[in-house]
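Peer 1: Listed below are the residues making up each chain.
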Amino acid sequence: MSVAKPNLNSKVESNNASNGASESLNLSSNNVKPTKYGYFLGCVMPAKMPWAEKATMIISKHLGLDFGYMKEALCCARPGVWKAISPDWWLSLTAQNLANAEKQGITIVDTCNGCWISHYEAIKELTEEPEKMKMVNDQLAKVDLHLKGDVKVKHYLELLHDDVGMEKIVSRVVRPLTGIRVMRHIGCHARKHDETLPNDFDEILRATGVEIIDTPYDKTCCGLLLYFADPNQAILERIGKKMKTAQALDVDAYVIICSGCYDQFERGVKIYRDEKGISFETPIIHFSELLALAFGYEPEDFGMTRCRPIAVDRFIEKVKAITAENAKKAAGAKEKGDGLP
Amino acid sequence: MVTAHKYSPPAFHVLAPRIQKRLGEPITVPGTDEKVTDLVVVHDPNKCTGCNQCMIGCAYKHYRTFDRSFALLYVNESPDKNGFYVNANCQHCVFPMCLASCPKEAIYKDEKGIVRISPLLCVGCGTCNQACPIGIPRLDDERKIFVKCDFCDGDYPMCYQMCSTGALKLLPRKEAFELVKKLRSV
Amino acid sequence: MSSEPKPLKSWIRLLEAGKKMTSHKQDEESILYPLRRTFRPVAPDITKGSLKRDFEQGLVYYVGDEIEDDRAACGLDRLPPTGRIYPDAVVKKRVILEEAGVFKKTAYNKKKGTFDY
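For the record, the sequence lines run as chains A, B and C. Each residue of the first sequence is one higher than the one before, starting from 4 at the first, in the working numbering. Each residue of the second sequence is one higher than the one before, starting from 43 at the first, in the working numbering. Each residue of the third sequence is one higher than the one before, starting from 54 at the first, in the working numbering.
Treat the hints with caution; some may be incorrect.
[Unchecked claim] Only pairs whose alpha carbons sit at most 30 Å apart, straight line, appear in this in silico DSS-like list of lysine-lysine: (1) Lys-62(C) x Lys-72(C); (2) Lys-163(C) x Lys-51(A); (3) Lys-158(C) x Lys-73(C); (4) Lys-211(B) x Lys-195(A); (5) Lys-211(B) x Lys-127(A); (6) Lys-151(A) x Lys-157(C); (7) Lys-186(B) x Lys-154(B); (8) Lys-51(A) x Lys-106(A); (9) Lys-155(A) x Lys-123(B); (10) Lys-145(A) x Lys-165(C); (11) Lys-211(B) x Lys-157(A); (12) Lys-158(C) x Lys-137(A); (13) Lys-323(A) x Lys-337(A); (14) Lys-195(A) x Lys-216(B); (15) Lys-244(A) x Lys-89(B); (16) Lys-123(B) x Lys-279(A); (17) Lys-59(C) x Lys-279(A); (18) Lys-72(C) x Lys-273(A); (19) Lys-211(B) x Lys-137(A); (20) Lys-279(A) x Lys-72(C); (21) Lys-127(A) x Lys-154(B); (22) Lys-106(A) x Lys-155(A); (23) Lys-62(C) x Lys-51(A); (24) Lys-163(C) x Lys-137(A); (25) Lys-163(C) x Lys-186(B); (26) Lys-123(B) x Lys-273(A); (27) Lys-165(C) x Lys-51(A); (28) Lys-186(B) x Lys-72(C); (29) Lys-123(B) x Lys-135(A); (30) Lys-137(A) x Lys-62(C); (31) Lys-135(A) x Lys-211(B); (32) Lys-158(C) x Lys-151(A); (33) Lys-39(A) x Lys-155(A); (34) Lys-244(A) x Lys-211(B); (35) Lys-145(A) x Lys-73(C); (36) Lys-127(A) x Lys-151(A); (37) Lys-89(B) x Lys-247(A).
Worth flagging that the hints you see were computed from the coordinates, not collected in a lab. None of the values given here were measured: they were computed from a predicted structure.
Please model the entire structure based on the sequences and the hints provided.
Peer 2: Here is the structure:
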């Protein structure tokens, strides 16, 4: 079977990219020099959580990282679906992203656990099995790409905890969010190897000063893939129980990191609102937003109120109240300090 | 002299069973030193998040559907403890109870050490389900026979490949036994 | 079973959408041939929607006009540097899909954008 080489100038019919898009393409490809860390966006992040994307960019710049976007990012080849259908296809599709990253000379950074595990496992499997590597490279050769296998993949938590270091993060916190009670959900894939990533997550959250509430449903999966198989279980037993617990404990926010999980949370909340008539009030926020707030940024800096299934107004009010209180305390301490001989 | 009227099945007897009620020579798994019969899938409930990807992967591999009721292993929330998930999966026992109980001798241990149910011989009586300590064989509604885990024909099992948290582990039987003992005592 | 709750409406919509983009109608066939066993395609109906978007745009979710406005309000570029502004990457992806035999096995009709079965 001979397949003609793709005409790289042609555009996909369905992808009606506007003129503005191609202008920004030229800008980004000519002027921006390649960065050390390439942020792999994935599917959900740009389409559903722009606030988290912006907050991640803000805190990465704030921490002095050489951090930019990975270009030509496609779907990570969702491991839940593609691995079940065929592990070989999953490898082929993931390899394109990996080869692109290798060509751009970046370390892939993922905030989505699904993307991270997809890249991590694929590169591991490909380097361990030369036959698979050959198969993948034969397919990549048709589109002028080649995968050597020395591309590095990092989870964003790993990057913050190991490369930046907790000391630096703690030193940058200017607005400790003491008094904010949160529940957190890290997601399944982050637990794959050991408890390192969950522990890093907790440590970074505590650095912002929030109080973490432990519940029995912390570990439970969001049910993203299960939604295909058994929607009732996925929504009622997983999201329903999580959000009801959050409601009962009256926590201020539900903190997540994985954008795949956010997709399912949003879907669950919408289904509860539209089909069951139950509206939850606990906002679901990304952990980079908490960090950005703790670093002294205002919610408007990353458009926190936009595009939300659950309004975050109450949370923002509380953060502002805490800031005012902190300022008062600081002023009081200063006065006391001045009064001393 | 009595010449016994011995029944000899014709050569074209398609139903000739491959009953092999003893452990054959185990075959090595490609890429490792382990033997297939040595390996078992064990579940660590402390790591399981109940994502059910194992069941979905299994259902897809064997039935090409994402409906998890087709799966050949079972993960469910524990009735006693919230947010805690328990599972039941075939251990391909050294001395399988299902094999011993089958009235049609439809269950056999093949040359790789995998306990299988022959779909041609099974009549769907359900004795294997009763005999199995964890009730692994289940009724296949379409074919009205009992089906059970076939260890993905000695390949890396799909449930193990799909597991999102590493709760399902592929371990040699001895190590698996140690792990289970450790988990039980805790 | 009657005791089980009904499937959610949005899930049924997703399934119906998957069935809609399939040329071969099994439901109609089963009326004519009631004893015929149901055929299960490589791509289950429920996944067809997301697979189609993945094949056509390279991503599962599309960045449309509303989200573009939201992105601009959040202080980002209107379009993300994904397959959305790099159509070449999507073309390459489709070649890889063709090479790996995904289109053939999932019976995806590239011209019509539907699944044959």
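Peer 1: State for each hint whether it applies.
Peer 2: Evaluation of the provided hints:
1. Under the criterion of a C-alpha separation no larger than 30 Å, the hint pairing Lys-62(C) with Lys-72(C) is consistent with the structure, at around 15 Å.
2. Our distance criterion of 30 Å between C-alpha atoms is met by Lys-163(C) and Lys-51(A), whose separation comes to about 28 Å.
3. For the given pair, Lys-158(C) sits about 19 Å from Lys-73(C) by alpha-carbon distance, which is consistent with the 30 Å threshold.
4. For the hint pairing Lys-211(B) with Lys-195(A), the CA-to-CA distance comes to about 11 Å; that is within 30 Å, so the pair holds.
5. For the given pair, Lys-211(B) sits about 18 Å from Lys-127(A) by alpha-carbon distance, which is consistent with the 30 Å threshold.
6. About 28 Å separates the Cα atoms of Lys-151(A) and Lys-157(C), which keeps this hinted pair within 30 Å; it holds.
7. Among the hinted pairs, Lys-186(B) with Lys-154(B) is consistent with the structure: their alpha-carbon atoms are about 26 Å apart, no more than 30 Å.
8. A hinted pair counts as satisfied when its Cα atoms are at most 30 Å apart, and Lys-51(A) with Lys-106(A) qualifies at roughly 28 Å.
9. Among the hinted pairs, Lys-155(A) with Lys-123(B) is inconsistent with the structure: their alpha-carbon atoms are about 40 Å apart, more than 30 Å.
10. Between Lys-145(A) and Lys-165(C) the CA atoms are separated by roughly 24 Å; this keeps the pair inside 30 Å, and the hint holds.
11. Between Lys-211(B) and Lys-157(A) the CA atoms are separated by roughly 24 Å; this keeps the pair inside 30 Å, and the hint holds.
12. Using a Cα cut-off of 30 Å, the hinted pair Lys-158(C) and Lys-137(A) holds, with the two alpha carbons roughly 21 Å apart.
13. Straight-line distance between C-alpha atoms of Lys-323(A) and Lys-337(A) comes to about 21 Å, which keeps the hinted pair within the 30 Å bound.
14. Of the pairs offered as hints, the one joining Lys-195(A) and Lys-216(B) holds, with about 23 Å between alpha carbons and a cut-off of 30 Å not exceeded.
15. Only pairs whose Cα atoms come within 30 Å are accepted, and Lys-244(A) paired with Lys-89(B) is accepted, the gap being roughly 19 Å.
16. The suggested pairing of Lys-123(B) with Lys-279(A) holds, with an alpha-carbon distance near 26 Å, which does not exceed 30 Å.
17. A C-alpha spacing of about 12 Å is found between Lys-59(C) and Lys-279(A), which places the hinted pair at or below 30 Å, so the restraint holds.
18. With a C-alpha separation of about 24 Å, the suggested pair Lys-72(C) and Lys-273(A) falls inside the 30 Å cut-off, and the hint holds.
19. Distance hint between Lys-211(B) and Lys-137(A) is fulfilled; the C-alpha atoms sit about 28 Å from each other, no more than 30 Å.
20. Taking the CA atoms of Lys-279(A) and Lys-72(C), the gap is near 26 Å; set against the 30 Å cutoff, the hint holds.
21. Restraint check for Lys-127(A) and Lys-154(B): satisfied, since their Cα atoms lie roughly 28 Å apart, inside the 30 Å limit.
22. Restraint check for Lys-106(A) and Lys-155(A): satisfied, since their Cα atoms lie roughly 12 Å apart, inside the 30 Å limit.
23. Distance check on the hinted pair: Lys-62(C) and Lys-51(A) sit about 22 Å apart at the alpha-carbon level, within 30 Å; holds.
24. Pair hint Lys-163(C) plus Lys-137(A) holds up; C-alpha atoms about 27 Å apart against a cutoff of 30 Å.
25. A hinted pair counts as satisfied when its Cα atoms are at most 30 Å apart, and Lys-163(C) with Lys-186(B) does not qualify at roughly 39 Å.
26. At roughly 28 Å between alpha-carbon atoms, Lys-123(B) and Lys-273(A) fall within 30 Å of each other, so this suggested pair holds.
27. For the suggested pair Lys-165(C) and Lys-51(A), the alpha carbons sit about 28 Å apart, so the restraint of at most 30 Å is met.
28. Proximity of Lys-186(B) to Lys-72(C) is assessed by CA-CA distance (about 28 Å); at most 30 Å being required, the pair is judged to hold.
29. The straight-line distance between the Cα atoms of Lys-123(B) and Lys-135(A) is roughly 43 Å, outside the 30 Å bound, and the hint therefore fails.
30. For the proposed pair Lys-137(A) and Lys-62(C), the alpha carbon gap of about 45 Å is over 30 Å, so the pair is violated.
31. At most 30 Å may separate the alpha-carbon atoms for a hinted pair to count; Lys-135(A) and Lys-211(B) meet this at roughly 23 Å.
32. Proposed proximity of Lys-158(C) and Lys-151(A) is supported: the alpha carbons are some 28 Å apart, at most 30 Å.
33. With a C-alpha separation of about 11 Å, the suggested pair Lys-39(A) and Lys-155(A) falls inside the 30 Å cut-off, and the hint holds.
34. Under the criterion of a C-alpha separation no larger than 30 Å, the hint pairing Lys-244(A) with Lys-211(B) is consistent with the structure, at around 28 Å.
35. Taking the CA atoms of Lys-145(A) and Lys-73(C), the gap is about 33 Å. The hint is violated against a cut of 30 Å.
36. For the proposed pair Lys-127(A) and Lys-151(A), the alpha carbon gap of about 12 Å is at most 30 Å, so the pair holds.
37. Restraint check for Lys-89(B) and Lys-247(A): satisfied, since their Cα atoms lie roughly 23 Å apart, inside the 30 Å limit.
When held up to the earlier numbered hints, the structure conflicts with 9, 25, 29, 30 and 35 and fits the remainder.
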